[in-house]
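Trainee: Make the full structure from the sequences, and use the hints.
These protein sequence lines map, in sequence, to chains V and C.
Residue 161 in the numbering used here is what sits at position 149 of the first sequence, and the numbering runs on without skipping anything.
Residue 74 in the numbering used here is what sits at position 61 of the second sequence, and the numbering runs on without skipping anything.
What the hints contain is simulated information worked out from the structure, not anything from laboratory work.
Every residue, glycine too, gets a C-beta built ideally from N, C-alpha and C.
Among the hints, a few may not be true.
What the hints assert, rightly or not - So these bits of chain V aren't anywhere near chain C, every CB distance computed over 12 angstroms:
| # | residue |
| --- | --- |
| 1 | Ala89 |
| 2 | Val166 |
| 3 | Thr172 |
| 4 | Ala178 |
| 5 | His201 |
| 6 | Leu209 |
| 7 | Asp246 |
Stated by the list, open to error - No farther apart than 20 angstroms at their CA atoms in a straight line, the calculated lysine to aspartate or glutamate pairs in the EDC-like style are these:
| # | chain 1 | residue 1 | chain 2 | residue 2 |
| --- | --- | --- | --- | --- |
| 8 | V | Lys26 | C | Glu547 |
| 9 | V | Lys223 | V | Glu237 |
| 10 | C | Lys296 | V | Glu132 |
| 11 | V | Lys149 | C | Asp113 |
| 12 | V | Lys26 | C | Asp544 |
| 13 | V | Lys183 | V | Asp93 |
| 14 | V | Lys27 | C | Asp544 |
| 15 | C | Lys315 | V | Glu99 |
| 16 | C | Lys296 | V | Glu129 |
| 17 | V | Lys149 | C | Glu115 |
| 18 | V | Lys223 | V | Glu40 |
| 19 | V | Lys27 | C | Asp113 |
| 20 | V | Lys105 | V | Glu129 |
| 21 | V | Lys223 | V | Glu204 |
| 22 | C | Lys296 | V | Glu99 |
| 23 | V | Lys26 | V | Glu40 |
| 24 | V | Lys223 | V | Glu242 |
| 25 | V | Lys163 | V | Glu204 |
| 26 | V | Lys163 | V | Glu40 |
| 27 | V | Lys177 | V | Glu132 |
| 28 | V | Lys163 | V | Asp211 |
| 29 | V | Lys208 | V | Asp246 |
| 30 | V | Lys220 | V | Asp191 |
| 31 | V | Lys183 | V | Glu204 |
| 32 | C | Lys200 | V | Glu99 |
As the list claims (entries may be wrong) - Here are a few chain C residues that sit away from chain V, every Cβ distance over 12 angstroms (derived from the structure):
| # | residue |
| --- | --- |
| 33 | Tyr299 |
| 34 | Ala442 |
| 35 | Ala497 |
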Amino acid sequence: MLRIENLSKSYGDKKAVDGLDLHIQPGEIYGFIGHNGAGKTTAIKAVCGILRFDAGEIYINGHSVRTEALACKQRTAYLPDNPDLYEYLSGIKYLNFIADVFSMGTEREERIRELAEAFELTADLAQPISAYSHGMKQKLAVISALMHAPKLLVMDEPFTGLDPKASFTLKQRMRALCDAGGAVFFSTHVLEVAEKLCDKVAIIRRGKLVKSGTMEEVRGDESLEEVFLELEADHA
Amino acid sequence: MLRSLVVIQLRGLLGSLGGRLGGRRKKARPMNKVLVGLAAIYIIGSLGASLGFYFHTMLAAFAPLGLAWFYFALAGLTAFVFSFLGSVFLAQSSLFAAKDNELLLFLPIKPEQILLARMAALYLMALGIQALVLLPALAVWLLAGSVNMPGLLFFVLTGLLLPLPVLALSTILGWLLSILSSRLRRKNLVIILLSLGFLAAYFIGYSRLIGLMNELVSRGQQLAQAARASLPPAYHYGLALAEGKAASFLLFALFCLAPFALVMWLVSLNYVKVLSTRHGAPKLVYRGGGMAVGGRMRALVKKEMRRFFTSPVYLMNTGIGLLFMLGLPIYLLFDKNALALLAQLGLPQEWLGGLLVLAQCALAGSVFISAPSISLEGRALWIVQSLPVRPINALLAKAMAHILISLPPILLSGAALAWLMKPGAVYTAFLLLLPVLVSVFCALLGLELNLRFPKLEWRSETEPVKQSMSTFLAMSLGFITVAALGALYALALVRTMALGTFLLLCAALFALLSLTLYLHLDRIADRAFLDLSEA
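Mentor: Structural data, given as structure tokens:
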């Protein structure tokens, strides 16, 4: 579903991502872990085609992000770490805009209704987004990401700002998407979430992949937190 | 702490002209520096020349009457009005509606310091505007040879004080506007109506400027007496500068400092409350609907149009030429003097048609809706970048919105002018066609400039709309191109080329320029759109 090959990206002299290789299969929830500034957001933005990269290749469903960006974006949904949305639109107008761009037909009505109810946002859809709280914006961004049934869901710290019920609903939806043959690639600082939710994890430090694989392969007999802290200490 | 806050505010104010503020800043290209320099020369030169003429007329009238103080009083009042008009809405957005208000309130910073830091930026802006007005007044005064050293010293000192009452007044109005808009559902409409009111007052004043100047010149003595009695600050300002009177300077300083200190005290007492209170309009509850199916391009264009019509700052600043366009036939219809004046000129029908076409094109050229449209994406740029939309289409949607918003006023106004002035079939066609071509050119030019000068990190919409290089250049270049073509014909081609032929060539030129801009945008769009992520 998602293949990242030797991805590198620098900002001036600083290498944000350095030769990253990852392969995410259909049906997998893949966690991306690293300290602040490790290069997670840069890699995620490159995957979503919103940041140019210096070297390497990214393929989504066999399509190159570099040369077939539209085909990749049609199959992908992206949720950034901070849901800055169009504040001058109402929630429903924003969702309708996203549905139009993804060429959804009248099925959008049922899809929006179902997702808005699941995330308890229905009553607020007529409000301008400028009146939303951070959590409500995050919910709206999640709905807009899920509504067009993407094959690949890419998220940067998706649980930040969500209430416990919405977090639970999102986790269910992530699993459902994978069960339907899709894949989820997301970054998180909450190692317990990664441990419980992910099929595979990748740990990144200073732009380089330091460990990846199934949860069992990565943590062995230890907790993910212990492994992460040991790796941090080893590479310090 | 206060110093750091002031530095941040000033960096925001100064950096906004350069475009790439914050984030991973790139070095300014030499071409950009040249454009910035040319823009500065243009604005200072054109404003300086027209104000210089105005002050020269005033001084010639008042100096022989011994009313030099009245000359300076008028200069001070003009500077006051200019800077007030330039800062009132900025005061509202930067003092009471800035995006980083909540962040700053969360930090261990005294509210008075936040207020002072924001005031410092506003002060510098008012000072800059006033300098543009007062320096020509000083130059005219010096050229007349009436130099006195105390007067010069007081010119500098009063110059530093004069922005204070402007800030006091605009802060109070901004505060009222903020309270009013927080309680209304249709607050944007209210702000647009208020802005229109301000604008109407400004242009009524401006349209009567010549009459006012004549009246000032003919009734100088009488008006000076009235000003002396009713406007003591202006009188003492004039006296301090013209005659170097220290007592007048001190009185004027008091007139400036007292209201400013009072307003600062009042606002600082309530600043946290004003910033943190959310009155809000009644909550809207969604009851279904609002999900009409549409195409991708249509959705993008609709989004751009909604952005335009929901933002008073955006609408009033970039689309003002369209309001004038609609106002022109109404003005001609109701102001019989204007029509009579045109008839008196005895212009051939062809020339009258040409003038109307030129006026419509100049107004279409002053519309710059597309110029801040990329910057206005701000931190929500990720949305359109991550959607399955070709970058050129995302850009063209912005140009389309510019054109679609401009089209109805252009056609309505053109048809009304054709009906009123009867310029003949050929010029009616030009009246409808040429402004549309100018509009297409300006829409694409605005995009080109905004890609070159993006400003995606902003605290208030005012920054990308009013204080960015892309909007300034788009507004100026559109208008200058039209004016230059008009001047070229009047000065060089009038004897060798029929006006109709010239207008046809102009149409071809704008079509060619638009095509060139489109092809260039199409070539660079993919790369430039991704580059915005690192702007």
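Trainee: Taking only the CA atoms, is the gap from Lys296 of chain C to Glu99 of chain V under or equal to 20 angstroms?
Mentor: holds, 16 angstroms
Trainee: Take a quick look at whether Lys223 of chain V and Glu237 of chain V sit within 20 angstroms of each other, Cα to Cα.
Mentor: Holds, because 13 angstroms separates the two Cα atoms, which is no more than 20 angstroms.
Trainee: Hint check: Lys163 of chain V vs Glu40 of chain V, CA-CA at most 20 angstroms. Holds or violated?
Mentor: holds, 11 angstroms
Trainee: Does the structure keep Lys149 of chain V and Glu115 of chain C at a Cα separation of 20 angstroms or less?
Mentor: Roughly 17 angstroms between the alpha carbons, so the hint for Lys149 of chain V and Glu115 of chain C holds.
Trainee: So if I understand the rule, the pair passes when the alpha-carbon distance is 20 angstroms or less; does Lys223 of chain V with Glu40 of chain V pass?
Mentor: Answer holds: Lys223 of chain V to Glu40 of chain V is near 17 angstroms, not above 20 angstroms.
Trainee: Has the given pair, Lys27 of chain V with Asp113 of chain C, been kept, meaning a C-alpha gap of at most 20 angstroms?
Mentor: violated, 30 angstroms
Trainee: Lys183 of chain V and Asp93 of chain V were given as a pair; does the straight-line alpha-carbon distance stay at or below 20 angstroms?
Mentor: Given that 20 angstroms is the threshold and the Cα spacing comes to 16 angstroms, the pair holds.
Trainee: Just double-check His201 of chain V for me: nearest Cβ-Cβ distance to chain C has to come out over 12 angstroms.
Mentor: holds, 20 angstroms
Trainee: Between the alpha carbons of Lys26 of chain V and Asp544 of chain C, is the straight-line distance 20 angstroms or under?
Mentor: The given pair, whose Cα atoms are some 17 angstroms apart, holds under the 20 angstroms limit.
Trainee: Are Lys183 of chain V and Glu204 of chain V close enough, with their CA atoms no more than 20 angstroms apart?
Mentor: holds, 13 angstroms
Trainee: Hint check: Lys296 of chain C vs Glu132 of chain V, CA-CA at most 20 angstroms. Holds or violated?
Mentor: holds, 16 angstroms
Trainee: So if I understand the rule, the pair passes when the alpha-carbon distance is 20 angstroms or less; does Lys26 of chain V with Glu40 of chain V pass?
Mentor: violated, 31 angstroms
Against the hints set out earlier in the document, violations occur for numbers 1, 2, 19, 23, 25, 29, 30 and 33.
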